[in-house]
Amino acid sequence: MVNVDRSSFFVVFNPNGLHSIVMDLFSLVIGLTYLWMPLLALWSYIYWNDRCLTTIPRSALSLSPKRWRPTDARMLEEKLSNSHVPIKALPTKTGRRYIIVGGVCLEYMFKLISGHLISTFFLIGRVSWSLDCNEIIGAR
Amino acid sequence: MQFITVDITNSVAVEAAFRAPWTKSAISSSSSLIETAITVFHTAANIRFFERHLELFDRSTRVNVIGTQNVINAARKVGVDVMIYTSSASVGLRNLRLFFWPWEKESNKLVQIVTDDDTQLPKRHEDFFSNYAASKFQAEAVVRASDNLPTGDTANKTLRTGCLRPGNAIFGPRGDMNCGAWLVRQFNPTWATSTVQSFTYVENCVAAHLCYEARLIDLQAGSKNPDIGGQAFAISDAGPPPTYGDMYTIMETLTDGQCTFPHLSPTLMMILAHLIEWYYRTQQSFVRRGSRFASLMPALKGDLVILQPSIFPLVLVHLIIDDSRARLSPDKGGLGYEGSLTSTEGLYQTIDEYRSGVGLSDQRSDGAGFGLFRFWGKKPTKVKESRADNLVDAVPQFILTEISNPP
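Going line by line, the protein sequences match chains A and B. Quick note on numbering that gives the first Met the number 0: the first sequence kicks off at 0 and runs consecutively. Quick note on numbering that gives the first Met the number 0: the second sequence kicks off at 0 and runs consecutively.
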């Protein structure tokens, strides 16, 4: 038979004192919840909306089924490292003159296309390599 | 080759540039029969994709619409008979709400297919994703309405025009605002990894320009093919479209980890973007009205301006371009376009040129596009310059083009 000092037991676990501690903790949780609820809701919404935005829909996946991995990139490099893939069906010389509008290296300009148009003219012979670079067939 | 710099919004200056005398060799080398035949490729644009409100629309239309009208007027005065205008596939991108309600799984508009069907294009200003797309659409209308108008002094001579809508992103070495810019910056925080989008490699884009020109020349010469003057054709690369994440994987791998693409929350960035847009519009409004509060609000500079809500549809919508009509043969009403490179092949060539030195120190790549958080990342590594030097020596007019936009 174990002797239990009932008086000290009820001092530590006084039902009234326990009730008070529980109520205090409960109040604390409620207070913290009120404080964090908007942030928690915002975080939950951001997480959920991100999932909507970053999940590839089936209709898009059906048009783009393959995902690239690093090994695929290395294979691509191996395949193309010694060859420039040619563009098919480029029209050749026309005997015309050309004015290309746009493309000086300013902010937000279409430099890319105009620059490549001119270099393509060289490749397909619309501009003669034999001429002086400042005097090129048809190009103003 | 001449290189003339004028303000494209100045009609007098543009016409003077078009009337500038041709070089002697240009005249002597051209065939005497067709020496007056001139083609114009109009690629100039002001790409203010970050603005979407009407009060800022004139900033886009000044170059994109008025400038295009000036180019057409000048072209007709000097007798140009073929003109190709570089538009954008983003004219077909419909704006949409990207903050979803909790009961929505996904927006139906999150996957969009761009075709050549004009009835599917946005009609109202707010339906375009930004002022840029709306202004390009207006410019297209100007170009298309100019088809078959008289040109030059000769009777019965007409101007044939056409528009190309490459997209969604055009990329390639030497001045690219997307992949080339990512190579230059190396540290590229992103929220578009999962987005499927059609790309257009610049060599494919150039091929499409030359195809459309060839078709219009054929028509001028009396071809019996269907008349495709005054139309707009969407174009993109061959093969299935990749995701941005696919492009990132290739870049990370082939640059041995120099390029990195840490992921950011798109929703969090959209919230931030709306705050930035509120500040931007308020500050611009004060400046326009000459308010004394304008001095209290410093103007946004650099990449922060770009982080506004309109870029989110541009990079988060799965935009698939259907260029099947452009790929039809000329006798079936197509361009005969065979853009044969896939986007990943084009990306390899972009990386290869960059690694060999051609793409380094590119001001446009470094200064435009989605270059957010540049201060955060590593400084771009210098790459060897030998091939770049060789190329510039061999082709001194490599970066020269003709008529520029105003600063």
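In short, the hints are calculated from the structure, not lab data. Worth double-checking, as some hints may not be accurate.
As the list claims (entries may be wrong) - Just the calculated beta-carbon pair ranges, DEER-fashion:
#1 A:Y44 to B:A19: 28 to 38 Å
#2 A:A40 to B:R58: 48 to 58 Å
#3 A:P69 to B:S10: 31 to 41 Å
#4 B:V11 to A:K65: 52 to 62 Å
#5 B:F292 to A:P90: 55 to 65 Å
#6 B:G256 to A:I20: 50 to 60 Å
#7 A:P37 to B:D302: 47 to 57 Å
For clarity, every value in this text was computed on a predicted model and none was experimentally measured. Backbone N, C-alpha and C fix where the C-beta goes; we use that ideal spot for every residue, glycine too.
Structure-based check of each hint:
1. For Y44 of chain A and A19 of chain B, the Cβ-Cβ distance of about 59 Å falls outside the hinted range of 28 to 38 Å, so the restraint is violated.
2. Hint check: A40 of chain A to R58 of chain B, Cβ distance near 38 Å, so the stated range 48 to 58 Å is violated.
3. Checked against the given bound of 31 to 41 Å, the beta carbons of P69 of chain A and S10 of chain B, roughly 53 Å apart, lie outside it.
4. At roughly 53 Å, the beta-carbon separation of V11 of chain B and K65 of chain A lies within the given 52 to 62 Å, and the hint holds.
5. Checked against the hint of 55 to 65 Å, the pair F292 of chain B and P90 of chain A passes, with Cβ atoms roughly 57 Å apart.
6. In this structure the hint that G256 of chain B and I20 of chain A lie 50 to 60 Å apart at CB holds, the actual value being about 55 Å.
7. Range check, P37 of chain A to D302 of chain B: Cβ separation about 30 Å, and the 47 to 57 Å hint is violated.
Violated hints, listed in ascending order, are 1, 2, 3, 7; each of the other numbered hints is respected by the structure.
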